Amino acid sequence: MDANSFWATPGGWTLITVAQIMAVVLPLLVALAFFMLADRKIWAGVQMRKGPNVVGPFGLLQSFADLIKFVLKEIVIPDGADKFVFLLAPVLTFVLALVGWAVIPFAPGWVVSDINVGVLYLFAISSLGVYGIIMGGWASNSKYPFLGSLRSAAQMVSYEVSIGFVIVTVILLAGTMNLQAIVEQQAGGFWNWNVFGGGLHNLPMALVMIPMAVIFFISSLAETNRPPFDLPEAESELVAGYQVEYSSSPFLLFMIGELVNIVLMCALISVMFFGGWQAPIDLPFVHDWPPTVQSFYGLMWFVLKVCFFFFLFGIVKAIVPRYRYDQLMRLGWKVFLPTSMAAVAILAAWRVFGPAGA
Amino acid sequence: MALAIAFYLLAAVTVGAGFGVVSSRNPVHSVLFLILSFFSAAGLFVTMGAEFLAMLLVVVYVGAVAVLFLFVVMMLDVDFAALRQGFARYMPVGGLVAGVLAVEMIVIATAAATGGVHKADSPQLHPELPNIETIGHVLYTDYVYFFQAAGLVLLVAMIGAIVLTLRHKPGVRRQSIVDQVARTPKSGMRVVQIKPGQGIEQ
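Going down the list, the sequences are from chains H and S. Take the first sequence: its position 89, counted from the start at 1, is 88 in numbering that gives the first Met the number 0, and no numbers get skipped. Take the second sequence: its position 177, counted from the start at 1, is 176 in numbering that gives the first Met the number 0, and no numbers get skipped.
Hints are not guaranteed to be accurate.
Claimed, not checked - Derived pair list, reagent style SDA-like, types lysine to any residue, alpha-carbon separation capped at 25 angstroms:
(1) H/Lys-333 - S/Arg-182
(2) H/Lys-82 - S/Val-21
(3) H/Lys-142 - S/Arg-182
(4) H/Lys-333 - S/Ile-134
(5) H/Lys-333 - S/Leu-35
(6) S/Lys-168 - H/Arg-329
(7) H/Lys-333 - S/His-167
(8) H/Lys-333 - S/Ile-161
(9) H/Lys-142 - S/Phe-70
(10) H/Lys-82 - S/Ser-29
(11) H/Lys-333 - S/Arg-166
(12) H/Lys-316 - S/Gln-179
(13) H/Lys-333 - S/Val-59
(14) H/Lys-82 - S/Val-59
(15) H/Lys-142 - S/Met-104
(16) H/Lys-82 - S/Ile-105
(17) H/Lys-82 - S/Phe-70
(18) H/Lys-82 - S/Leu-35
(19) H/Lys-333 - S/Ala-160
(20) H/Lys-142 - S/Ser-29
(21) H/Lys-333 - S/Gly-159
(22) H/Lys-333 - S/Leu-163
(23) H/Lys-82 - S/Pro-169
(24) H/Lys-333 - S/Ser-29
Just so you know, the hints here were simulated from the structure itself, not pulled from any lab data. Just so we're clear, the structure is a prediction, and the values are computed from it rather than from any experiment.
Input sequences plus hints: build the corresponding full structure.
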C-alpha cells in the first residue's frame, strides 16, 4: 500500500480496521445462530428427539425467533441489585468474547490484528471472561447467583493454569507466539500439525502433544462452563447459577457471549494443534490458484475444523454427566497440572537435546 | 498524534480509576476500579511498545490476582460505618505519607528528566528481536541466578501457604478414584438367591 495514501493516515486506518472487524463479527454472529441450533439438534439427536423443527425448514430459523423473543421481553432488574454492575456484567461477557477473535487467523493473510503476542493475548482475554460471571453473580444480590459465581471463579482460575502450560508446549514447538506464524509452520500435510509434534523429525513428540491436545480440549470445556463442567449454572443445585436473576436482552448477551467463547476455543484448538487453515493433505495444484481463491480454500478448512470441534463440544454436552465440584478440582490440580508441567519439561528437553536441537 | 491521544486517554482512565479505588464506598466497586486501572496501565505498556509486559499484566494481575481479591472482598462482610469512624484520626498520618510520596516522585521525575540521574545503561543485546525474545535472553543469561532465586522465593511462599492451611482430619471417608474405576461386577456385587419369606442372612 502506498504510504501517502488516505488508508495510511490514522483516519483511514480506523475506517479499514472497523470494516475488518465488521467483516469478522457479522458473519460470526449469523453463524452463531446456526451453531446454537446445531448444538440443540446434536443434543436432541443423542436423546432420540427431533429438536427444534417448527420455525423454518428443519427449524433453521429457530435461533432468530429466540432472538426476537429475548429482545422484546421486559428487562427485570431485582430490587436489591447493584444496577450498574448488574447490567455491565453481560455486556462485558459479550464484548470480551468478541475481542478474542481479533487475532484468530481465518485464512492466509486474513487476520484483523497480526500481533507478535497473539497467543498471550487470547490467554489474557479468556482469563478476563470470568469477570462477567463474578460480577453478574454478585450484583444480583441473591444466594444462588452468588454461589454460582464463586464456583466459577475458582473453576476458571484452576483450569487456566493447565491451559497456560499446554499453550507453552505449543509455543515451544513453534518458537513463536504469532498465531499466523504458528499456522504457517504447520503447512505441508497433517503430519506437520502440532498435535503430531509439528513435523516428522519431531514425531516422538506426538506422544506428548496428543495428550496435550486432549487436555486443552477438556480444559476449554471447563473454561467455557460447558457441561460436564457447568457447575456455575448447575440447574439441579443452583437453579441456573449466576443467570438466575437475568432476563431478556442481558440474558441473551450472556448466552451469546458464552457461545462465542465456545466457538473461539474451537478455533484456538484448530489453530494451535490442527493446522488452522492448512489442508490436511497439501495438493500441489492448489498453489497455482489465484491468491483469493487460495484464501477461501484455507477458510473452508478452518471452518470445517471449527465445526468438527464444535460437534465434539455438543456431543460431550449430550453424553457426559456433570462432575462433582471436588472431582473437578481434583482433575484440574492433581491430574492436568502435573501432566502438562511434565510435558513442558519433556518438550523443552527435546528442543534442546533432540535431533533438531539448538 | 494518535499515540498522544491514546496515551492521554489511557493515563486519564488509569488515574481516574485509581481515584475510584480509594473513594468508592463499596469495596467491590473499589476492586472493579482497581481492575480498570490495571487494564489501562496495560494499555499504557502497549503504547510504549512493551506488548509482552502488557499481556503479562493482564494475565497475572487482572486475570488471577484481582479475581482472588474480588473473591475475598465479596466474601467479607465489611462494616463501612466502623471504617469511616477513624477517618479524622488517621487523616494527618495518611496525608503525611501521601505528601512524602508525592515529593519523592516529583524529585525523581525532575532529576531523570533533566539528566541528573545516571540512567541504567540498557544493553541493546539484539535490537532486531521482538521484546519477548529480548526479555528471554536477558532473564536466562545475564540474570539467570536472580531469576531462579526469585522463583525459589515464590516456591517457599507457596509451600508455606500450603503447610499453614493443610489439615489432615482423621475419620473422614475419602474418595479413591482408582478403587472406583477398578471395581468390577465381581468385586462390587453379590448375587444372592433369596427363598420367599426368609429374607437375607447378613
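Outcome of the hint check:
| no. | hint | result |
| --- | --- | --- |
| 1 | H/Lys-333 - S/Arg-182 | 22 angstroms, holds |
| 2 | H/Lys-82 - S/Val-21 | 21 angstroms, holds |
| 3 | H/Lys-142 - S/Arg-182 | 39 angstroms, violated |
| 4 | H/Lys-333 - S/Ile-134 | 31 angstroms, violated |
| 5 | H/Lys-333 - S/Leu-35 | 33 angstroms, violated |
| 6 | S/Lys-168 - H/Arg-329 | 18 angstroms, holds |
| 7 | H/Lys-333 - S/His-167 | 18 angstroms, holds |
| 8 | H/Lys-333 - S/Ile-161 | 15 angstroms, holds |
| 9 | H/Lys-142 - S/Phe-70 | 15 angstroms, holds |
| 10 | H/Lys-82 - S/Ser-29 | 16 angstroms, holds |
| 11 | H/Lys-333 - S/Arg-166 | 18 angstroms, holds |
| 12 | H/Lys-316 - S/Gln-179 | 23 angstroms, holds |
| 13 | H/Lys-333 - S/Val-59 | 22 angstroms, holds |
| 14 | H/Lys-82 - S/Val-59 | 29 angstroms, violated |
| 15 | H/Lys-142 - S/Met-104 | 46 angstroms, violated |
| 16 | H/Lys-82 - S/Ile-105 | 40 angstroms, violated |
| 17 | H/Lys-82 - S/Phe-70 | 20 angstroms, holds |
| 18 | H/Lys-82 - S/Leu-35 | 18 angstroms, holds |
| 19 | H/Lys-333 - S/Ala-160 | 18 angstroms, holds |
| 20 | H/Lys-142 - S/Ser-29 | 22 angstroms, holds |
| 21 | H/Lys-333 - S/Gly-159 | 19 angstroms, holds |
| 22 | H/Lys-333 - S/Leu-163 | 20 angstroms, holds |
| 23 | H/Lys-82 - S/Pro-169 | 47 angstroms, violated |
| 24 | H/Lys-333 - S/Ser-29 | 34 angstroms, violated |
Hints 3, 4, 5, 14, 15, 16, 23 and 24 from the earlier list are contradicted by this structure; the remaining hints agree with it.
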